[in-house]
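Protein chains in written order, with my numbering: chain R, 1 to 377; chain F, 1001 to 1377.
No lab work stands behind these hints: they were computed from the structure.
All residues carry an ideal CB built from backbone N, CA and C; glycine is no exception.
Possibly wrong hints are sitting among the right ones.
Calculated pairs, DSS-like style, for lysine-lysine (alpha carbon to alpha carbon, straight line, at most 27 Å) [said to hold, decoys possible]:
| # | chain 1 | residue 1 | chain 2 | residue 2 |
| --- | --- | --- | --- | --- |
| 1 | F | LYS1108 | R | LYS214 |
| 2 | F | LYS1293 | F | LYS1113 |
| 3 | R | LYS319 | R | LYS369 |
| 4 | F | LYS1058 | F | LYS1214 |
| 5 | F | LYS1289 | R | LYS108 |
| 6 | R | LYS319 | F | LYS1238 |
| 7 | R | LYS365 | R | LYS273 |
| 8 | R | LYS274 | R | LYS365 |
| 9 | F | LYS1319 | R | LYS238 |
| 10 | F | LYS1130 | F | LYS1214 |
| 11 | R | LYS333 | F | LYS1333 |
| 12 | R | LYS113 | R | LYS160 |
| 13 | R | LYS355 | R | LYS274 |
| 14 | F | LYS1153 | F | LYS1277 |
| 15 | F | LYS1289 | F | LYS1258 |
| 16 | R | LYS267 | R | LYS52 |
| 17 | R | LYS355 | R | LYS277 |
| 18 | F | LYS1333 | R | LYS238 |
Some chain R residues near chain F, calculated using beta-carbon distances under 7 Å [to be verified]:
| # | residue |
| --- | --- |
| 19 | LEU24 |
| 20 | LEU70 |
| 21 | THR244 |
Residues from chain R that face chain F, not an exhaustive set, calculated with beta carbons under 10 Å [as the list claims (entries may be wrong)]:
| # | residue |
| --- | --- |
| 22 | ALA25 |
| 23 | LEU228 |
| 24 | PRO246 |
| 25 | ASN324 |
| 26 | LEU371 |
Protein chains: 2
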Amino acid sequence: MSSTNQTHKLCMIPGPVEFHEDVLAAMSTLSTSHVSADFISIFGESIELLRKIVFTAKGQPFVVSGSGTLGWDMVASNLVEPNEDVLVLNSGYFGDSFSACIETYGGKVTQIKAPIGDKPSLQEISEILKTKSFKAITITHVDTSTGVLSDIKEIAQLVKEQSPKTLVIVDGVCSVGVEEIRMDEWGLDLVMTASQKALGVPPGLTIETFKQRKAPVTSYFASWNNWLPIMNAYEARKGMYFATPPVQLIYALNTSLKQITSVPLEKRFEQHKKMSKYVKDTIEELGLKMLPKSRDMAANGMTAVYYPAPLTAADLLPKVASNNIVIAGGLHKAIASQYFRIGHMGISVTEPDRKHLEETISALKVSLKDLGYTANL
Amino acid sequence: MSSTNQTHKLCMIPGPVEFHEDVLAAMSTLSTSHVSADFISIFGESIELLRKIVFTAKGQPFVVSGSGTLGWDMVASNLVEPNEDVLVLNSGYFGDSFSACIETYGGKVTQIKAPIGDKPSLQEISEILKTKSFKAITITHVDTSTGVLSDIKEIAQLVKEQSPKTLVIVDGVCSVGVEEIRMDEWGLDLVMTASQKALGVPPGLTIETFKQRKAPVTSYFASWNNWLPIMNAYEARKGMYFATPPVQLIYALNTSLKQITSVPLEKRFEQHKKMSKYVKDTIEELGLKMLPKSRDMAANGMTAVYYPAPLTAADLLPKVASNNIVIAGGLHKAIASQYFRIGHMGISVTEPDRKHLEETISALKVSLKDLGYTANL
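All chains should be modelled from the sequences, with the hints used to inform the complete structure.
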């Protein structure tokens, strides 16, 4: 057992989040063949359960070993052909990176880049959609670097009305399982997420687009030509080999998906909204300023907050850690040193008896006081 | 806890192998920030320890989340420029796949394809090296589909003499930690391996080649432009972000690397040779035929064996499993139904008190007998 387990500090950052004991136990599942009946059943069921998380009946989940970033490679290498135009809505650092990924595979990126703490407006999107025929539009649902939440339902509606052939791609890394996402009802073509691995969840339409592409797929590991037969096989409860799946992680995923789908998702979303309100109300009461321009564009799974002058990361983060809570520094390159981030997702929210958020807020208050910040304490 | 833990069958396939209890415990390390001091220290140390496994002082390890297949994408997208020639030595299924990966990224593949159970000869390699200027040669050290072991030392020597600019790339997925690999001494330019994730271990020379490439890197997630600063940062014991690393897997990797490097590697290689001899001697005594043409080209971490007529996979594999041992079916597409594979790597070999191999051989004998196979039983 690693030494960190003996003095565990709560990991209250916008991912990795705190894990349920049963999920961690599944991580140490004894070695099992990736083509054994036991594992095939777990993998197949996980693929099915993923559809429920984003309310899709026809979507084709992909469960592939890799970081969330690999999901971008899947989008860029499978759905965008060289020289096709892609509209990237930029509400923070991850818009920049997704753009770089698309350009690597030959896509031509047009960005609407919002000021830090803001998001592209519907009007801006509408105007730019008139200028070109875009193969796809990408939306960072929650930009983890700013905590800004985009309204994917409204944007999808606009795109479907104005440019119905444009694929609506949602980067849901920091939102799937936290925010409401109705793939089929809202007309989303692809939703990707991650949990140390990339989960891409494209519906039939997207697969059709993929099947109609003319240029060869420009990645090997990320290619749906390689992965689609594997997903179909496991869902049909057959084993098939392209690359060895991360067996233990998929047992853990299965455990987590069963937990998540055991209560109505609507309740889960409400819980996240409620806990987010509790954190953000407290931050405002303390007189601290948040990154998102307004509360209605703030994510429900995380909170990004400016340090109150003259405090810095070097003061606050170690002080909070000394109170056994780990929060995160800034990530947006332009202002990374000026703010911190608190994650409030998963069991820290859905199992309030654990008191994770209370302990986090308490540690934050004590730390601020110890550092001489007194406004509203 | 998953139900498989209660009726665990030994996983004696050529990967995933049986894991040490301490490695599994590390898999359930409580959530830890990927930029925390604790994790940075574990990640940095793991990068250093990897050099020891392949005897390199100057090599640059990359530890990236993904299947072993992603290692091919790293080679093909970072080291090979479009239209450059690559010589692929094919000793089984994995030579075909590596070729497909290189071609995806624009490399021009020439293959020397050995008959099943054989490997390209030094003479064939020497002759083909005279025909073109190859950017790289790839060698599957152990082809997991056939159990054929290639002599990377001899091949590297030949290439360095005859075509010194050609990069020597070793696919060590089924050999690193089992077979002797001396990167610096033998002049290997890149060794890749996997353990539910790709570990690429290129030395300084390869990084130089990478830095001199003219065409842009054609992958995003696999690009060393993105990963090199991260590896340098963690080794210098600083956190840095490109994509979230698989924290728990890296704790497990660290635990395993410390175990492996706690005894001289020479002893480890000898143990694997000895246990491989025990398995192969038994197979021969039973009158069964192995895939590799001769014992001197058979891998030490696995054994591939033809079913004795009239037995098939449908007879033998479930029967062995009913004796609590999981062995693997065939993987080489041309003859997949005709043979089975036993893995003998890691703790099943280095900790003989566990009796994994004895139990496996015993289960195999009992199963063959039950199925009516009597020759030499």
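Which of the numbered hints are not met once you compare them with the structure shown? 5, 11, 15, 23, 25 and 26
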